[in-house]
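Participant: This is what each chain is made of:
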Amino acid sequence: MTPERLIDFVYDEAATLDEMRWEDWLALFHEDGRYWMPLEWQQQDPVLQPSLMYEDQLLLTVRVERLSGERTFSQKPKSRCHHLMQRPRVLSLGQEDGIYRLRTSFIYTETRGDHLERYSGWVSHELVEVEGTLKIMLKRVDLINFDAPFGNLQLFI
Amino acid sequence: MERYRGNPRAVENLVKGHAVHRDVYVDREIFDLEMEQLFPNSWVYVGHESQLKDPGDYITSKIGHQPILVSRHKNGTIHVLHNRCPHKGVKIASEPCGNTGKFFRCPYHAWSFKTDGSLLAIPLKKGYEGTGFDTDKASKGLPRVENVQIYRGFIFARLSDTGLSFEEYFGDSLSTIDNMVDRSPMGEVEIIAAPIRYMHSCNWKMLVDNQTDTCHPMVAHESSAGTAVSVWEREKHRFTETPMAVQLYAPFMSPYEFYEGAGIRVWPNGHGHSGVSGSIHQDYDDVEGYLEMMVEAYGETRAREILGDIRHNTLYFPNVMVKGPVGILRNFIPIAVDKTLVESWAFRLVGAPDKIYERALMYNRFINAPTSIVGHDDLEMYERAQEGLLSDANEWINLRRLYEEGEPEDVTEVVNGTSERQMRNTFYAWRKFMVQGMDQKAEVGA
Chain A
2 MTPERLIDFV YDEAATLDEM RWEDWLALFH EDGRYWMPLE WQQQDPVLQP
52 SLMYEDQLLL TVRVERLSGE RTFSQKPKSR CHHLMQRPRV LSLGQEDGIY
102 RLRTSFIYTE TRGDHLERYS GWVSHELVEV EGTLKIMLKR VDLINFDAPF
152 GNLQLFI
Chain B
17 MERYRGNPRA VENLVKGHAV HRDVYVDREI FDLEMEQLFP NSWVYVGHES
67 QLKDPGDYIT SKIGHQPILV SRHKNGTIHV LHNRCPHKGV KIASEPCGNT
117 GKFFRCPYHA WSFKTDGSLL AIPLKKGYEG TGFDTDKASK GLPRVENVQI
167 YRGFIFARLS DTGLSFEEYF GDSLSTIDNM VDRSPMGEVE IIAAPIRYMH
217 SCNWKMLVDN QTDTCHPMVA HESSAGTAVS VWEREKHRFT ETPMAVQLYA
267 PFMSPYEFYE GAGIRVWPNG HGHSGVSGSI HQDYDDVEGY LEMMVEAYGE
317 TRAREILGDI RHNTLYFPNV MVKGPVGILR NFIPIAVDKT LVESWAFRLV
367 GAPDKIYERA LMYNRFINAP TSIVGHDDLE MYERAQEGLL SDANEWINLR
417 RLYEEGEPED VTEVVNGTSE RQMRNTFYAW RKFMVQGMDQ KAEVGA
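Read top to bottom, the protein sequences are chains A and B.
Every letter in the first sequence is one number past the one before it in my numbering, and letter 49, counting from 1, is 50.
Every letter in the second sequence is one number past the one before it in my numbering, and letter 335, counting from 1, is 351.
In case anyone wonders, no lab produced these hints; they're calculated from the structure.
No farther apart than 27 angstroms at their CA atoms in a straight line, the calculated lysine-lysine pairs in the DSSO-like style are these: (1) B:Lys153 <-> B:Lys107; (2) A:Lys77 <-> B:Lys355; (3) B:Lys32 <-> B:Lys355; (4) B:Lys78 <-> B:Lys156; (5) A:Lys79 <-> B:Lys355; (6) B:Lys252 <-> A:Lys136; (7) B:Lys78 <-> B:Lys118; (8) B:Lys78 <-> B:Lys130; (9) B:Lys457 <-> B:Lys78.
Stretch-level coverage of chain A by chain B, calculated; a stretch enters the list once three of its residues show a Cβ under 8 angstroms from a Cβ in chain B: (10) 41-52; (11) 146-157.
The model shown is predicted, which means the values in this text are computed figures rather than measured ones.
Cβ coordinates follow ideal geometry from the N, Cα and C atoms, glycine included.
So here's chain A without its partners, still in its complex pose (with noise of 0.2 angstroms):
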């Protein structure tokens, strides 16, 4: 496994994001695979301390489906996202456990109709390798600012 590789996936995968390529990013997913995003400073447990988000892939195809559904009213006008990342820093090649892991800072932005919300932090990947293709088993989100009350935040970080 090389840097390059890994890094370019981080990338990849926010620009199925950007361009609302929903069922493409689910496909990163590896089928155990989670979304998470704590809800306190340097959370350990995403099961018995509180999230915002905790997600599996059951879960989450239910929120891609939504997006386009006819009666999801709050996506009528619909929401545009924007990711602007630093360049990702390799933490693990995986040489002990199989699991490569990077961690990237983002300004990400989320619009719909006139109204425009931005939040900052950091992701941290933990990616899998089957059968050649990377997959994602953790994409955990930590906002600079998860204690603050936020108004309806509807795509992904």
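Start from chain A and add chain B according to the hints.
Facilitator: Leaving out everything else, chain B in the frame of chain A:
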């Protein structure tokens, strides 16, 4: 021009029972009057005892828009104080919670106060000698809220010196708090983490109305719960059991008939709950070992009675909702006429299996978070209503579903679960607590 201050009749005329005037949701003067009248006259939830385990522990809170400090004193007593230095008005505590040690110290001029609010020391105090300072309110320390009641760990306060007693105000509605606490084999619940916070661009009462609005889930949440059901139907062949997530989402899509039969109970003073004889919380999987614990603690009959009470949402007037079977309390904190901060707390049942707390946390993030698809559905409706109400085409909000002429106020009653009876009930109470004491104030003002 002020239309409502000092004019209780004009305020009362906003509530007709089967309709309320839009000004209760969109008028700034009405919002100000809610802060001056309604919230001080009501018993308002300010926090939970488990957040104040040790002497010196404190939490900050609000009653209406007034900053409040709740503190555990060295002798174990809990005090509700105004979070305002008697000197220049600086907030004494700025964080949601913490431990202040033996005393509070104002960061501006170092006035200090014991954890019961009394004045401890002022630097260079001789500067006040012979000035008449001892006759000032400021010399008494942090102003204390006198009317405080802790009910099974839940701390309520009433700012107004006069008004209904705690028991009179809540009456039988306390049975929902009882049920939530009794679900712990130890008879104790606790807060061990921060709430989920969610900012709403709407009036706080839109959330209050929604708690017993049983005609919206199958419509507004078709996008979230409905999609969850359809994805599950397609994917379930890959599973051996129904995930907790599906169990939580799917019942939102129950048909009208289900909600009709489930019933709504109203109590005096604006309290009430949906889900009398059934609710969307009734079919969750049993958690291994839990029933045995409960039977051990309460005996078979009582344990089954506690767990069989699956009431849905209980609205504690004015601005709190308790969901007993899940272990959640939501606080609808008014910020402005069109802005509301919603803080949703998950409670841990002391002594119960972790799985139950896991479910409370999951429910909270599915339904009550800014990242929650069910939340997105609801907030979209509130925001559209907040804007739509500016239309002059009709100044009234319709609450006539299952209305009967001469409907009694301030009674206990069980009605059809799709009735808008509980919404009307909260507005009868709203009217009462808005004008309470208003005549006297008008006279003083004149």
